[in-house]
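Undergrad: Sequence:
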Amino acid sequence: MKQAYKEIQGKRSRKIRFALLTTIMMAMLVLQACGNNTGGNGASASGGSNTEKAGEEATSNVPAVLNFGFIGSNKLNVPGGAEGWGFYKGIIQEELKKYGITEVKLTGFPNGPDQTESLISGRLDIGSLGDTPAIIAYASGAKTRLISQSSANTIGYLIGKKDGPKTVKDLQGKTIAIQKGSFMHRYVVGLLQEEGVTDYKLVHMLIPDATAALARGDVDATTNLGVPALKLIDQGYTHLDDASKHPNLLGSSATVVSEDYLAKFPDFPKVWNEAREKALADLKQHEDEYYQFLAEIGDTTPELAKQVNPISDIKDTAFTDEGTKLLEGTKNFLVEEKLAKKDFNISDWQLK
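Quick note, the sequence shown lines up with residues -33 to -1, 1 to 319 if you use mature numbering (1 follows the signal peptide of the UniProt record, and there is no 0).
No wet-lab data here; the hints were simulated from the structure. Please read these numbers as outputs of a predicted model, since none were measured by experiment.
Cut-off 25 Å, straight-line C-alpha distance, at most; resulting in silico cross-link-like pairs (BS3-like, lysine-lysine): (1) Lys245 x Lys273; (2) Lys212 x Lys198; (3) Lys168 x Lys136; (4) Lys319 x Lys309; (5) Lys212 x Lys273; (6) Lys292 x Lys305; (7) Lys147 x Lys198; (8) Lys110 x Lys237; (9) Lys110 x Lys309; (10) Lys168 x Lys133; (11) Lys237 x Lys64; (12) Lys198 x Lys42; (13) Lys245 x Lys72; (14) Lys251 x Lys273; (15) Lys128 x Lys141; (16) Lys168 x Lys305; (17) Lys212 x Lys133; (18) Lys136 x Lys212; (19) Lys292 x Lys237; (20) Lys128 x Lys212; (21) Lys110 x Lys319; (22) Lys308 x Lys110; (23) Lys141 x Lys212; (24) Lys251 x Lys237; (25) Lys251 x Lys65; (26) Lys198 x Lys133; (27) Lys147 x Lys136; (28) Lys147 x Lys308; (29) Lys72 x Lys237; (30) Lys319 x Lys231; (31) Lys231 x Lys72; (32) Lys147 x Lys168.
Please model the entire structure based on the sequences and the hints provided.
TA: Structure below.
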């Protein structure tokens, strides 16, 4: 009897010990699981914190002031196109503020070469100009990157003096005013080459000086573009030619950023192009107001502004196949004519 009692008690003790052991093990597993979950949350929170810190550090390196250059001079001190509309309406400034840029300083330049000099010297961070001076500068060693090509249908005009040459071939042995290093320089050289004109003299003059020289008869022809060109034609000057008849000689715009600025703000191309796209979307919702805006900065009428700079010419994306092809053709021409110091791949210059 005693022996049986001991066996029963022993079995009960073993069962109790087993139950206790099982309970303890389960408790440990639960605690471990909780600990892992807590640790996982802690790691996730820490990772999120690190990401936020990295973002804050990246933004903190961005200069508060962005220096932007464009071609032209007007009372509003803004360019045309989606960029100009974005600045005029404050759309671009509002987007840039999200990244710590609190002020945009805009500076107009008479031509592309002058603007590229300011970009190279560090007075500008970003510039919008014609493709030809941008390519010439890069081929000469300028530390820039091409981040967008917002238009690819810029038309250069060749205009003769009154009672002067009537055709391009009549420019044999004549003097032509150009803006050296501009897309119109490239247009004229290409045009004269196509027409077989080999004996001519090119003189560098800014457009106001060239227009005055044409009126005095000091030059036989000059290059011009947009509304000023059409005004000269309306005044009786001879319309010798324009690039709309030569698709390979059309100009395009180039938005370039210094590599020094990109080192401080690597995400700038993406930020800039997204801001520009927002401005373009808004512009398309206010077409009449946009042409009135162009008329104001161009000292003309909305009707003429629409004729010269239709909204359809503004590209929706940073780069297009059409625009890149035009850049390649322009670059190859400039290299062949020794206007660009060295050849390069457009893709190496582009930053997409």
